[in-house]
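Student: Knowing the structure of chain D, use the given hints to seat chains C and Y on it.
Residue numbers (the working numbering), protein chains in the order written: chain D, -15 to 486; chain C, 4 to 102; chain Y, 88 to 574.
If you're looking for bench data, these hints aren't it; they were derived computationally from the structure.
Glycine included, every Cβ here is placed at the ideal spot set by N, Cα and C.
Heads up, a few of these hints could be off.
[Stated by the list, open to error] Examples of chain Y residues lying across from chain D (beta carbon under 8 angstroms, computed):
| # | residue |
| --- | --- |
| 1 | Y190 |
| 2 | A192 |
| 3 | S295 |
| 4 | S296 |
| 5 | G319 |
| 6 | P322 |
| 7 | D324 |
| 8 | A402 |
| 9 | D412 |
| 10 | A451 |
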Amino acid sequence: MTQYEAIIGLEIHAEMLTNSKMFCGCSAAYASAPEPNTYICPVCTGLPGAMPVVNKKAVELATLVGLALNCTINEHNTFARKNYYYPDLPKGYQISQYELPIASKGYLDIDTPSPLAPLPKGEGNDDSLRPAGEGSGMRVTIRRAHIEEDTAKLAHEKNSALVDFNRAGVPLLEIVTEPDMRTVEAALDYATKIRAILRYLGVNTGDMETGVLRFEANISVRPVGSEELRTRTEIKNLNSFRALTRASAYEIERQIKVYENGGIIVQETLGWDDVREVTVSQRGKEDAHDYRYFPEPDLPPLRLDRAWIESIRAQLPELPEAKTQRFVTQFELKEKEARFLTSEKALADYFEGVVSKSKSPAKTVHSWIAGEFMRYINDASMDVKDVPVAPESFAKLIDMITDKTIGASAGKTILTELFTNGGDPAQIVKEKNLAQVSDEGFILEVVTKILNDNPKEVEQYLAGKETILQWMMGQIARTTKGKADPNVARELLLKLLEERRK
Amino acid sequence: MTQTIDTKTVKHVAALARLGITDEEAEKFSGQFSAIIEYFNMLNEVDTDNVPPASDIANAENILREDDVQPSMNREEFFKNAPKTERGYVKVPTVLGDE
Amino acid sequence: MQLHNLTIRAASEMLASKKISSVELTQATLQRAHEVDSKIQAYVTIADDVALEQAKQADERIAKGENITPLTGIPFSMKDAISTRGVRTTCSSKILENYVPQYNATVTDKLADAGAVLIGKTNMDEFGMGSSCENSGLFNTRNPWDLDRVPGGSSGGAAASMSAGLCNFAIGEDTGGSVRMPAGFCNVTGIKPTYGRVSRYGLIALASSFDSIGPMTRDAYDCATVLQYIAGHDPKDSTSYKIQVTNYHENINKPVKGMKLGIPKEYFVAGMEVGVESSIQEAIRTYEKLGMEVHEVSLPHTKYALPVYYLLLFAEASSNLARFDGTRFGLSVSKDAKDVVDIYLQTRHEGFGDEVKRRIMLGAYALSAGYYDAYYLKAQKVRTLLRQDFENAFNSVDVLLAPTCPTTAFKLGEKTSDPLEMYLSDIYVVATNPAGVPGLALPCGFSNNMPVGMQLIGKHLDEQTLFQVGHAYQQVTDWHKQNPGNR
Chain D
-15 MTQYEAIIGL EIHAEMLTNS KMFCGCSAAY ASAPEPNTYI CPVCTGLPGA
35 MPVVNKKAVE LATLVGLALN CTINEHNTFA RKNYYYPDLP KGYQISQYEL
85 PIASKGYLDI DTPSPLAPLP KGEGNDDSLR PAGEGSGMRV TIRRAHIEED
135 TAKLAHEKNS ALVDFNRAGV PLLEIVTEPD MRTVEAALDY ATKIRAILRY
185 LGVNTGDMET GVLRFEANIS VRPVGSEELR TRTEIKNLNS FRALTRASAY
235 EIERQIKVYE NGGIIVQETL GWDDVREVTV SQRGKEDAHD YRYFPEPDLP
285 PLRLDRAWIE SIRAQLPELP EAKTQRFVTQ FELKEKEARF LTSEKALADY
335 FEGVVSKSKS PAKTVHSWIA GEFMRYINDA SMDVKDVPVA PESFAKLIDM
385 ITDKTIGASA GKTILTELFT NGGDPAQIVK EKNLAQVSDE GFILEVVTKI
435 LNDNPKEVEQ YLAGKETILQ WMMGQIARTT KGKADPNVAR ELLLKLLEER
485 RK
Chain C
4 MTQTIDTKTV KHVAALARLG ITDEEAEKFS GQFSAIIEYF NMLNEVDTDN
54 VPPASDIANA ENILREDDVQ PSMNREEFFK NAPKTERGYV KVPTVLGDE
Chain Y
88 MQLHNLTIRA ASEMLASKKI SSVELTQATL QRAHEVDSKI QAYVTIADDV
138 ALEQAKQADE RIAKGENITP LTGIPFSMKD AISTRGVRTT CSSKILENYV
188 PQYNATVTDK LADAGAVLIG KTNMDEFGMG SSCENSGLFN TRNPWDLDRV
238 PGGSSGGAAA SMSAGLCNFA IGEDTGGSVR MPAGFCNVTG IKPTYGRVSR
288 YGLIALASSF DSIGPMTRDA YDCATVLQYI AGHDPKDSTS YKIQVTNYHE
338 NINKPVKGMK LGIPKEYFVA GMEVGVESSI QEAIRTYEKL GMEVHEVSLP
388 HTKYALPVYY LLLFAEASSN LARFDGTRFG LSVSKDAKDV VDIYLQTRHE
438 GFGDEVKRRI MLGAYALSAG YYDAYYLKAQ KVRTLLRQDF ENAFNSVDVL
488 LAPTCPTTAF KLGEKTSDPL EMYLSDIYVV ATNPAGVPGL ALPCGFSNNM
538 PVGMQLIGKH LDEQTLFQVG HAYQQVTDWH KQNPGNR
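Chain D on its own, in the form it takes in the complex:
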C-alpha cells in the first residue's frame, strides 16, 4: 500500500479584544450584551448610507500580532470588499484586506517535527532555518495576517433563522499559514502556540468555547516522496482543538481512502459534524467562491510609518518561546517543565511570583504548581488569573514543607484551606495543629498501637505481603492527622515489624 503524507495549512480567525467594533463605535463585548440586537448602529447593521471608520486599537493589535509572528508589517496596506450573500453579513460584503494585508511573510517555530518529509521548499523554509537542537521541530511559515470584521450570529430554528447583529463588525484577525504542516500533531501544536501568543499579547481571550478563536484547515494528501500539491479541501468553523484534530485526521483518512479506491478529490468547503464525527460537504455551487474582491472605496489606505511600527514593537511582551528558554536557564527546569509553566502567561507570572517570594528551589515550586495547585484549579474549573491565593502565601507554604515544619500531606490540607478560606499558612498550621512531629517517642507510641490493633495485617506482612506496609503508613498518617514525619515513621515501623518477625 502506498504511504501517504498530509499537507495541512491553517487559517485562524481571532477576534481582537477592543472596546468598540472594527468600523463603528458600538460595544464589541457582544458576549455580555443584555439582549440580542442591542449593540447595533447603522454601520454594523448595514443601513443604507452608513460608512465605516477604522478602529485604531484594532490596527495596533493586528500589528502587535504580526510582529510577534515575525511578519513584515506592510507600511502601505488597504481594505477590500469580499462580496457574498448570507444573512449574517448585513452589507452583502465583508470588509477585509486582500491584495495588501497588514502583515505578511512571518513564521512560528513549533516543537512537533515534520516526520515524513523535509520542509517544503520556499522562502523562509530552508532547513538551515530550523530551530537548532536534536529532535527539534519545524518552522511554520505565516503567509499573511489581515484585519476583517466578524459576522452576525445566526441561530437556526426549525423553519427560520434568527439574526443577532451584536457580533457583526467585531474586529477579527485572520492568520493564514502556508501548507507547511505534515501531521495533525503539528497542526495542533501550531494552533496551541498561536492561541498562547494571542493570549500573551492580550489580543484574544483564547476561550474557544465562546467562539472567539476559530480554525479552518486546508488539507490534501499525497504519496510520500511526491512533490505535487494535490487538490485540497477546506474544513470550516473548527471551534475547538478537539474538532481541529478529529476533523483533520478524519479528512486525511477520507482522502487517502478515495485515492486508494481510484477516486479523485474535488476542491470543496467542508463542515465538521461534531456528533457523527465526519466531514460534510457544505456547498458545491460553482459560483460560491467568486468573492469579487475589490478595494474598499469607503476607506483610505493605511500608511504605517516605521517609527510607529517600532513603538508597537516596543510593547511586545516576552513571548512563550523566549520565556521557556529563560525558565530553563534561570530556574534550571527541564524544557518540558518550563513549557508547561509558560503555556499561559498568568501561570508563568504566578510561578515567578511564588519563586521570587520563596526560599525553596524553583524546582520545588514547579512541582507544587504543576501538581497540587493545578489539580485544585482544574477541579474547581478556576482560571489562573482568578486564583485567590497570593504568591506570598503559597511561597510561605512551600517553604514550611521545605524546612520540614509541616509534612506534604499537611501542605495539601493548608493549600485547600488557602483556596477556600484564605488566611496565613503559618496561622493555619497553628490553628489546625498541623506541625510535623519528628519526636520518636510520640511516633513509637502510635506505631506500636497500630501494630497491636492489626495483628492480621502484621501476619500478612510477615508472610511476605510487603504492600501492606503502605497501608500501615496510611494508618499512621490518619492517626496523626499527617503530622508524623513520614521518614521517622517508616523507620520505626520497619524496625518494630522486624522485631516481631523474631
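Tutor: Just chains C and Y now, kept in the frame of chain D:
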C-alpha cells in the same frame, strides 16, 4: 477582443448578484450587455503598462478612530424597518447550506 | 417679486428685515408645491409637517437674533438619496418605497443646524442610475420648460424643483454629472464639489469613489453660500477631506481679468447640437470680454472617461446595492420562500428596475474571476490617466469651460430603449468624477427654446475660483434669471 454575453453568462452573474431573472429578461439583457461590453473594450486601446491604478490614490491616509464605545441605536427603532422580527432577533427564512 | 423665484440672498434679506417670516415663506412654497407639482412631479415626498416645524424654529432664531445663518428659514429640497430621519427616503426605488431612515445624513444635520427648511425629497433616477429621471422606479419628472421633455438626471427632481420655483435651493448629488447635467437641462446653477469635500455619510451610495453631494441654486453666489454650510470634514466619512473649508465668497467679486480659461478641444467634436455649440462659443466670448485669456487645452483621454466611469460605477454599485436584500429594511418579497436565498432573489427581482439590474449584473461581471484585470483594474489605470489629464491642463490654465451635454433636454421616451445611447448623454460630465475635480454648471443660453448649460471645471478643492468665474459671468449675463414663467 469581441465577446458576446450569452444568456448563460447573464444568468450566472444574476445568480452571483442574487437577482431573480426570467428567461425573457436574460435574453434581453444578453443583447444589451454585449453592446455595452463591446463599447468598454475601447479601453484596450490605452497603454497602461506603467500606470498605477487610481484606487491607490486617496484624499487621505490613516483615518482612524479612537477605540471608544459610542451609544448604540435603539432596537425598537432598528426593528421599525425590519420585515420580520421575533424575540429580539431579525427573522429570516431557513438558511440552507453555507454562504 | 414672486416669492418662489427668490434667490437665497434675497429671501434671507426679507427674513432678516422681517418683511416675511419663514413660516409664511414655507407655507407659500408648500402651497405652490401642492399646486404645481402634480404636473412636474419633482417631489417624491412633500414633508409639510417637518417644513413647518423647521420654519417655526427658524423664525424663533430670527426673532431672538441668535445663531442666524444665510440659510436660516430658507426652504430647500433634497434629493431622495440623502437620509432624513423620520422622512421617507426612497432613492426612487420600489425597494425603498416605504423606507424611513432611523438616522440623518451628515448633510441633513448640517442644513438643519444652519436653520434651513426641508420642503421635501426630490425624484431621481433609481439609485442615481440614469440621465433623464425616466429610470425612477416611482414616476417620471417633467422638465418645467417643456413638460414633454426630461429634466435630466439623475438629480432631475432637484433641478425641476428649482426651475419650477418649488424651493429656494436644492441639494443634489453628482456621481457622473447628476447635478450638472440636469442643471443644464433646467436652467439652474449647480456644483459638483471636489470629491471628499462634502460628507457622504447618510447618502445612499451609488459609486462610493465618485459620489459628490452638491447644491443647485439660482446663481453662483447662492451656490457658494450653500456649499459653505455643507462642506467640511466629517469623522464619519473617512474619505472626506480634513483640509479646512475656504471662504467661498472671499474672491467672488474679484475681476477675472488676466485669469486663464482653458477650452478642452476634445469636448468640441461632431454631434453637438448647433444651438448648444453657439451658446458655448458666446460664453467664451463673454469671458474674453471680461479679460480672461482663452487657451485651447487637451485632455487626451477624454474619450475613455465614459467607459472608465461606467465600469467603475457598475463595480462599486453592484457591491453597494448588495445590502438591499429584504431582511432588515425596505421591500421584502417572500412568496413561498423555502430558503433565505428566495427572499434575496424575489425581493431584488421585484424591487429593482431594469437599469439597476443591468448595472448590478455588469458590475458583478467586471469584478468576477477572470475579468477583474481586464475591466476593473484596467479602468482604474485609465482613471489615473484621466486625473493626469486634468493635472496637466491646470498647469497652464485656471479653469476649464465645457458644455454639460451635447444636446438640450430630450423628449421623454426618446432614449429609453437603448441604454448605451442614454449613457452617451453623460459624455461631457463624467470625466470630472473619476478625476475628483469640481465642476460648476451655469445656464448659458437657449437652443430651440430649451436651456443650454455649461460647466466650469476647476482644480481639486478650488471651488473658490469656480464661484468667482461663474459669478463674474452672471454679473454680465441674465440667462440664470430666466425661468419658465418669465421667458
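Student: If a hint holds in the structure, say so; if it does not, say that too.
Tutor: Cross-check of the supplied hints:
no. : hint : result
1   : Y190 : holds, 5 angstroms
2   : A192 : holds, 6 angstroms
3   : S295 : holds, 4 angstroms
4   : S296 : holds, 4 angstroms
5   : G319 : violated, 15 angstroms
6   : P322 : holds, 7 angstroms
7   : D324 : holds, 5 angstroms
8   : A402 : holds, 6 angstroms
9   : D412 : holds, 6 angstroms
10  : A451 : holds, 6 angstroms
The structure fails to meet hint 5 from the earlier list, while all remaining hints are met.
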